[in-house]
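Undergrad: Fit chain B with the ligand to the given chain A structure using the hints.
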Amino acid sequence: MSLLRAPIDFADFKPVTLPLADDAAAELRAGDLIFLTGTLYTGRDQTHRRLCALLDEGRELPVDLRGQLLYYVGPSPPRPGRVIGAAGPTTSYRMDAYTPRLLDLGLKATLGKGARSLPVREAMRQHGAVYFAAFGGAGALLSQCIKAVDLVAFEDAGPEAMFRFEVCDFPAVVINDVAGRDFYEEIAAQKG
Amino acid sequence: MRIIEEAAITRAVQEMAVAAAHHLEPDILDALLAARDRETSPLAKNVLDILLKNADIASREMIPACQDTGICTVFVTLGQEVTVRGDLLAAIQEGVRSGYAEGYLRKSVCDPVTRKNTGTNVPAVIHVEVAPGEEFRIAFLPKGCGSENMSGLKMLPPSSGIPGAMDYIVETVVKAGPNPCPPLVVGVGIGGTFERAAYMAKKVLLRPVGRPSEREDVARIEAEVLARINQAGRGVLGLGGCNTALAVHVETFPTHIASLPVAVNIQCHSHRHKQVVL
Ligand code: SF4
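In order, the protein sequence lines correspond to chains A and B. Residue numbering for the first sequence follows my numbering, beginning at 1 and increasing consecutively. Residue numbering for the second sequence follows my numbering, beginning at 1 and increasing consecutively.
Here chain A stands alone, though its shape is the one from the complex (with noise of 0.2 Å):
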């Protein structure tokens, strides 16, 4: 894994299986550093309004969210011979209208970059979902990660269509743990 002998310090990078079962999701605490490894269905923008748009509806969704980790991300197209092009977080906070529904049908962990709403991270302590942040602008970093792409739903968003993702050693930081703590939060109130 080319992460893995990059001169950078991965030590502290704890393992972390998804789908995110009850008992490890509760174990993690903002701040926790790790890597992510498993599968993931990725959404962004244009896939949370027609997501929602279906539950309006009352219409079933493509996949069954319940227990799964949803990243926002759009990512580039991939060259040929590689399963994806550059795949880094978008900003969380255009998500935050939609996420307490789908944290309603069962959603258990969310994975972007920036602060979430007030609204979101109550939605979150009442369900025991987390949320995570990748690292953004490493997208070609993090690419590396990702080892299958499948395409879920909404191939005509282009990039703003819903991919199920094989990674291994994703890395991302806990932000939002199940007690209710913020690590930009704390990071902040450091700051004064």
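Hints listed in this document are in silico derivations from the structure and should not be mistaken for laboratory results. Keep in mind that a hint or two might mislead.
[To be verified] Derived DSS-like pairs: lysine-lysine, alpha-carbon spacing no greater than 30 Å straight-line:
| hint | chain 1 | residue 1 | chain 2 | residue 2 |
| --- | --- | --- | --- | --- |
| 1 | B | K45 | A | K147 |
| 2 | A | K14 | A | K191 |
| 3 | A | K14 | B | K53 |
| 4 | B | K175 | B | K53 |
| 5 | B | K175 | B | K203 |
| 6 | B | K203 | B | K154 |
| 7 | A | K191 | B | K53 |
| 8 | B | K45 | A | K14 |
| 9 | B | K107 | A | K147 |
| 10 | B | K175 | B | K45 |
| 11 | A | K191 | B | K45 |
| 12 | A | K191 | B | K154 |
| 13 | B | K175 | B | K107 |
TA: For chain B with the ligand alone, coordinates are given in the frame of chain A:
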């Protein structure tokens, strides 16, 4: 009279589009390295290493440094002694279109009303400035919107003065927190009119990262604002430390006696920019 062919413009823009996405310029890489060396937080230092490693992978493996390969702003300096054979604006748009198609770059441009993706990453935003002589220069600035969305503009009353302008810049950056992927390059336009201030804030991002303004009083504003941002800001990706911004670039223009426009254009660490002189 110097003649420039449409095809040469298209080719130059296409090459810049692909190169910008994959190969960060030495100015931003040097600024990130310097930030890494002065960083005090171990986590932030580690993250800066990750960002530098990312730039290295992007360049070697031809994977865009960031998946948000942006909406493109193109600045053209058109000497009055230069004639373009063909359609200048169409040639630039075609360069963007073909660069994004053939370079496996993300198409991120959509209609603002329907949100339907144009599928081509065009249109680009093009500014043409006429200059004396035979110069023909194209600067290419593709910009992701994680950072662009955190930008702001305020029409301050003159009584606020430069202290008020500095407060507004610092406040805009600190409020953005982790969203725009700090460490940032902060472009600022002070003066002019509403649109001129925004234009300056964007265009001044083309200045080599960290090079101070030639005006001494403006350079002092840049230094003071940078220090305040790094004092109060949330650090690398909002994860702490002393590097929320790498540089503050300020451009000014005379303004109305009743006005003090201040525009802040926020640029992320994935500061992609290219220039070519034809
Ligand atoms: S803000 Fe910049 S580095 Fe971050 S995701 Fe957007 S384009 Fe990429």
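Undergrad: Confirm or reject each hint.
TA: Comparing the hints with the structure gives:
A C-alpha spacing of about 27 Å is found between K45 of chain B and K147 of chain A, which places the hinted pair at or below 30 Å, so the restraint holds. Between K14 of chain A and K191 of chain A the CA atoms are separated by roughly 27 Å; this keeps the pair inside 30 Å, and the hint holds. Restraint check: the Cα-Cα separation between K14 of chain A and K53 of chain B comes to about 20 Å, which is no more than 30 Å; the hinted pair holds. As the CA atoms of K175 of chain B and K53 of chain B are separated by approximately 28 Å, the hinted pair is consistent with the 30 Å bound.
Proposed proximity of K175 of chain B and K203 of chain B is supported: the alpha carbons are some 23 Å apart, at most 30 Å. Between the alpha carbons of K203 of chain B and K154 of chain B the distance comes to roughly 18 Å, so the proposed pair stays at or under 30 Å and holds. Annotation: proposed proximity of K191 of chain A to K53 of chain B holds, straight-line Cα distance about 28 Å (limit 30 Å). Pair hint K45 of chain B plus K14 of chain A holds up; C-alpha atoms about 19 Å apart against a cutoff of 30 Å.
With a CA separation close to 23 Å, the supplied pair K107 of chain B and K147 of chain A stays within the 30 Å bound. Distance restraint check for K175 of chain B and K45 of chain B: the Cα-Cα separation of roughly 22 Å lies within the 30 Å cut-off, and the hinted pair is therefore satisfied. The straight-line distance between the Cα atoms of K191 of chain A and K45 of chain B is roughly 17 Å, inside the 30 Å bound, and the hint therefore holds. For the proposed pair K191 of chain A and K154 of chain B, the alpha carbon gap of about 26 Å is at most 30 Å, so the pair holds.
Between K175 of chain B and K107 of chain B the alpha-carbon distance is near 29 Å, which keeps this suggested pair within the 30 Å criterion.
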